[in-house]
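Starting from the two chains in their separate frames, assemble the complex, guided by the hints.
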Amino acid sequence: MSALLTLIGTTERWLCVVGFAVMAAALVADVGARLFLGHGIVGAPQFGLVGMLVTALFGVGLAADRGEHFRPQVLDRFVPAGLERAVVGFGHALTAAFFVLLMVLSIRVARESAQLEDVTALLRWPVWVLQLVFVLAFGFNAVRYLIFAAVPRLRPEGNIVTSAADGDDTAGASR
Amino acid sequence: MGWLLAALLVLLLWLRQPILVLLGSAALFVYSVWDGGNPQYVIYDTWEAFNKEVLLAVPLFMFAGAIMSRGTIARRLIDLAVALTRPMPGGLAIATVLSAAGFAAISGSATVTLLAVGAIMYQALLENGYSKSFAIGLISASGVLGIIIPPSIPLILYGVMTETSIADLFIAGLGPALVLVLILALYTLALQGRRSGSSWDLAEIRAATRRGISAIPLPVVILGGIYAGLFTPTEAAAVSVVLAAFVELIVHRDMGLAELKEVALETSRLMGSLFLVLAFAVSLNIFLTYEQVPQQALAAMEGMIDSQWQFLVLGNLMLLLVGMVIDIGSAVLILGPMLEPMANRLGIDSVQLGIMMIVNLGIGYLTPPMGLNLIVAMGAFKEDFVTVTKAVLPFIGLMLLGLAIIALVPSISLFLVG
Chain A
0 MSALLTLIGT TERWLCVVGF AVMAAALVAD VGARLFLGHG IVGAPQFGLV GMLVTALFGV
60 GLAADRGEHF RPQVLDRFVP AGLERAVVGF GHALTAAFFV LLMVLSIRVA RESAQLEDVT
120 ALLRWPVWVL QLVFVLAFGF NAVRYLIFAA VPRLRPEGNI VTSAADGDDT AGASR
Chain B
0 MGWLLAALLV LLLWLRQPIL VLLGSAALFV YSVWDGGNPQ YVIYDTWEAF NKEVLLAVPL
60 FMFAGAIMSR GTIARRLIDL AVALTRPMPG GLAIATVLSA AGFAAISGSA TVTLLAVGAI
120 MYQALLENGY SKSFAIGLIS ASGVLGIIIP PSIPLILYGV MTETSIADLF IAGLGPALVL
180 VLILALYTLA LQGRRSGSSW DLAEIRAATR RGISAIPLPV VILGGIYAGL FTPTEAAAVS
240 VVLAAFVELI VHRDMGLAEL KEVALETSRL MGSLFLVLAF AVSLNIFLTY EQVPQQALAA
300 MEGMIDSQWQ FLVLGNLMLL LVGMVIDIGS AVLILGPMLE PMANRLGIDS VQLGIMMIVN
360 LGIGYLTPPM GLNLIVAMGA FKEDFVTVTK AVLPFIGLML LGLAIIALVP SISLFLVG
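Residue numbers (numbering that gives the first Met the number 0), protein chains in the order written: chain A, 0 to 174; chain B, 0 to 417.
The shape of chain B in the complex, shown without the other chains (with noise of 0.2 Å):
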């Protein structure tokens, strides 16, 4: 029967559905052939599935994002970057990336981050002699720490798929972070060093900070809570969503209440395109577990891959691979807990799995044919796929790096994690 599935999927594929319909069906049809023809249980399997309070993070992590992406944060916090970096080579690039990770602490998206600092430093960079590649390049890797930097919305799913602790995960997402922002700004101050810098300006260092001030609460309260412990990831998400409402309605005074519901509109819509894959996701697990599918697969494999290295370089391939033409959350969705039982197996900690997935999938956004942030900057950039894609190359080689350095040194994760 299995056969009949796959060629069921592929047909539907051929259809053109959407991965919500491929799930759907990959689940009702396992439940109709190998568990007594009950069909309904898809049904129950939602109904649980909404029923996990730790999914309510999702939805407000959303809206606190899409409020604070809406104002003048991104145009705040790239001045404060710009002052800080003035004197040192290259210092706009630098500070290009170090606005980006700040953004991602707020936005939680890759895509959101690239637009609203290459909608800024973009032109700045061509404007003080930066090659149009290379700033196309920064500019949508930089977006990718979007997802990465808590609060992450992969994290989080990746979280409830294998009930590991969100709030470790978020605290995970830190050193990684930190390496990818390193590595990005040490290329760039390997290629731009020739570049001088101008002496720091205190008064324009004051002014930026006076006005970025306001985007520092956000990450600051939702990482510094979940860590001391004060909020579960759940509560921190609240807490973002007042906070992020409190400085766009009152202290920038950059949205009223017609677009705050517009906001809320933008998210359910969201929500409708993730839940119910989520929903889909779970039901074909539940299923799977209850069918000891991973240990088997755990037992079939284990001839193949005895390793850890064997593991990672595997598990990291196919992860690249399916990160090129699935979506981050699907892939996340599917994945994370048919890898978990063999990463635990091999003593791979769930956590650091779930942070390797996160970053290796984040490449996807960048490599062709379905990488977001190419599409993303095509027409944010007015450039070609070919002119976007030859950019990001170098880039793409870097963020490699990265994750190698990542998945080969597991403290850079778990350093703060318990």
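Next comes chain A alone, as it looks inside the complex (with noise of 0.2 Å):
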């Protein structure tokens, strides 16, 4: 289960990395290129949006692996302690349940795409090879809460609390 857990983690890693490289220099390269040469370069932004795609939806693995998903505490105090780890558990097995039903859908939505021939504008990449990074990204995440389900000692110390929004991960807070 841990080298499964591994094996998720290393390649969403990379993806990430390799998206937001995209992301970020197919935008400086256009923003230099309109400042310097006048004109963007056809199709950077759509390389940046694909770039932006890839990181944001693997980037959800990283951040459950480090247990920074925001989660609102207002009703913890309402789970008698005898139940704590109980609900602790179900909840990694219900969250699993939501990303393999992420999954299923998505599924049906890169076939659907395939079925018309969708393409993207400007790129004109077939729409369905990049909405497979949805069904990638959700069955990883699955996996994943399925076996925080199952081996509580892989769950994410700590499970930081934070705000993505003020772009910051340090704040922490037990779960």
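Please keep in mind that the hints were generated in silico from the structure rather than gathered at the bench. Each residue gets a CB set at the ideal place from its N, CA and C atoms; glycine is no exception. Any given hint could turn out to be false.
[As the list claims (entries may be wrong)] Example chain A residues on the side facing chain B (calculated, C-beta under 7 Å, incomplete):
| hint | residue |
| --- | --- |
| 1 | 52 |
| 2 | 59 |
| 3 | 73 |
| 4 | 90 |
| 5 | 94 |
| 6 | 104 |
| 7 | 125 |
[What the hints assert, rightly or not] What follows is a list of derived Cβ distance ranges for each label pair:
| hint | chain 1 | residue 1 | chain 2 | residue 2 | range |
| --- | --- | --- | --- | --- | --- |
| 8 | A | 128 | B | 368 | 40 to 48 Å |
| 9 | B | 125 | A | 33 | 47 to 55 Å |
| 10 | A | 128 | B | 35 | 40 to 48 Å |
| 11 | A | 128 | B | 312 | 46 to 54 Å |
| 12 | B | 122 | A | 83 | 33 to 41 Å |
| 13 | A | 17 | B | 299 | 42 to 50 Å |
| 14 | A | 107 | B | 340 | 44 to 52 Å |
| 15 | A | 128 | B | 8 | 32 to 40 Å |
[Said to hold, decoys possible] Take a look, some chain A residues computed to stay more than 12 Å from chain B by CB distance:
| hint | residue |
| --- | --- |
| 16 | 0 |
| 17 | 55 |
| 18 | 130 |
| 19 | 145 |
As structure tokens, this is what we get:
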């Protein structure tokens, strides 16, 4: 289980680094060209969007590994102490089910796009190929949360609560 | 069916589900029950949400802020602020506020600003005879400037959700930030005015300016470029990444390429915890708009709220309560599109509402039980929750005063807009 979790995490990290590099490079090059050549690079923002899609979706897993998904704690006190472990475990299983559902829906959407032969604007890439990113990212998270549910010691330590919109991940509070 | 959705959300909350699952489940539920049983629309909406070019500004500003936060920029800004405020009574405390404002224009984050400024100024304030309570409160409150002074991620999210110009929001953030800086500085003067300052040391100012000058182009380029119409916010974000990388990798040499990869991963994690929440909020919002829910809510509330005054009082009270339990990003994503039509109907500008929301929800960083700056301050200053909470109490009052001024005088936000 631990090896599988590591494999998923490593894959996501590399995909994020590549996606991020594509996104940043495409936009910086586009702005540079606009400033110095007087015109942007055709398709560069679309490349940037693809990079953003890859980074954001696989970043969901990176955040999950560090327990960085924001979770309101207002009802925590209403969980009886004796049920605490069961609730946390069941909660992870429920999150896994949520991602399974999203994965199934993503497969359907990608299949529809393939049947309709949808392509992206400007770059003319098949949409279903890009929509597979949804399938893969949701699938990874489904497996991840199933492992969290089954093996408590592999759950993220500390479970940091963070405000992503703040652009920070340093705030620590126990989940 | 509405009660069933509410019950489902309460159950999920009790089962410790993150906001991501709560919002996603709500979107899946409404599309399954009310829209011919087609939850696939959530994926289609998510796909569309990821196709918004303006969103590209968010990771790039996060990235630039993270690069600059890793270096010595905070130290350099503080040295400059200390040198400039040396003759003022309570100069060191005022330098704390000013350096937080300066750092906020780079980091865009409340907690990073608190940590960066607090790491240096907390000990300095204590060594110079300021009380522990005052130092903690001042640094924690100054940190909130991080999300008000542009580039502000919550402002971008508000702009995306309400289709308000992000450039206008950034420019509108300047006046309110200045009001808050002034309030914090005046309070410091009133409280610490008996402390005598020393005279200006021109050599110190010259040296500090030379060291701190590299931090200045970033906010100037971002705001100047946007204000002059040279850049869109996304282009300004790309330029800020280049500048930040240039300053930290080449000028200061505080960072190597390996660290740049780490910063990219850190930003990816932040994107991972934000973007899917945003996409689900967009999906939910598309459904609500299609079903004309905001208009129905508007009609229902017309009898209760029929003046700007009532909206400002009740709206701000609600936002203060929400800010105590929900993070600012989720609150903006959910409430922004709901409040905007009502505000517009009562003659409140969308830009003004956005600024008021961010200032208001920013106060949530200082209020228990979920105030992020309280939690960060506990760790940074090694104090317990009660001590930190007591320390920020007067500063919550000051921020509320600032909020009242900003809410009641729209021109503070709007004087540069348009």
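Evaluation of the provided hints:
1. 52: holds (5 Å)
2. 59: Cβ of residue 59/A sits 4 Å from chain B, so the hint holds.
3. 73: holds (5 Å)
4. 90: holds (4 Å)
5. 94: At about 6 Å, which falls below the 7 Å cut-off, the nearest Cβ of chain B leaves the hint on residue 94/A intact, so it holds.
6. 104: Because about 5 Å separates residue 104/A from the closest Cβ in chain B, which is inside the 7 Å limit, the hint holds.
7. 125: With a closest approach of 13 Å, the residue 125/A hint is violated.
8. 128/A - 368/B: 40 to 48 Å: The hinted range 40 to 48 Å holds for residue 128/A and residue 368/B, with Cβ atoms some 45 Å apart.
9. 125/B - 33/A: 47 to 55 Å: About 49 Å separates the Cβ atoms of residue 125/B and residue 33/A, which means 47 to 55 Å holds.
10. 128/A - 35/B: 40 to 48 Å: violated (28 Å)
11. 128/A - 312/B: 46 to 54 Å: Holds, since residue 128/A and residue 312/B (Cβ atoms, about 52 Å apart) stay within the stated range.
12. 122/B - 83/A: 33 to 41 Å: Since residue 122/B and residue 83/A have Cβ atoms about 39 Å apart, the given range 33 to 41 Å holds.
13. 17/A - 299/B: 42 to 50 Å: Given range 42 to 50 Å: holds, Cβ gap about 49 Å.
14. 107/A - 340/B: 44 to 52 Å: violated (33 Å)
15. 128/A - 8/B: 32 to 40 Å: Given a distance of about 35 Å, which is inside 32 to 40 Å, the answer is holds.
16. 0: The assertion about residue 0/A holds, with a minimum of 21 Å to chain B.
17. 55: violated (4 Å)
18. 130: violated (7 Å)
19. 145: holds (15 Å)
Violated hints for the displayed structure, listed by number in ascending order: 7, 10, 14, 17 and 18.
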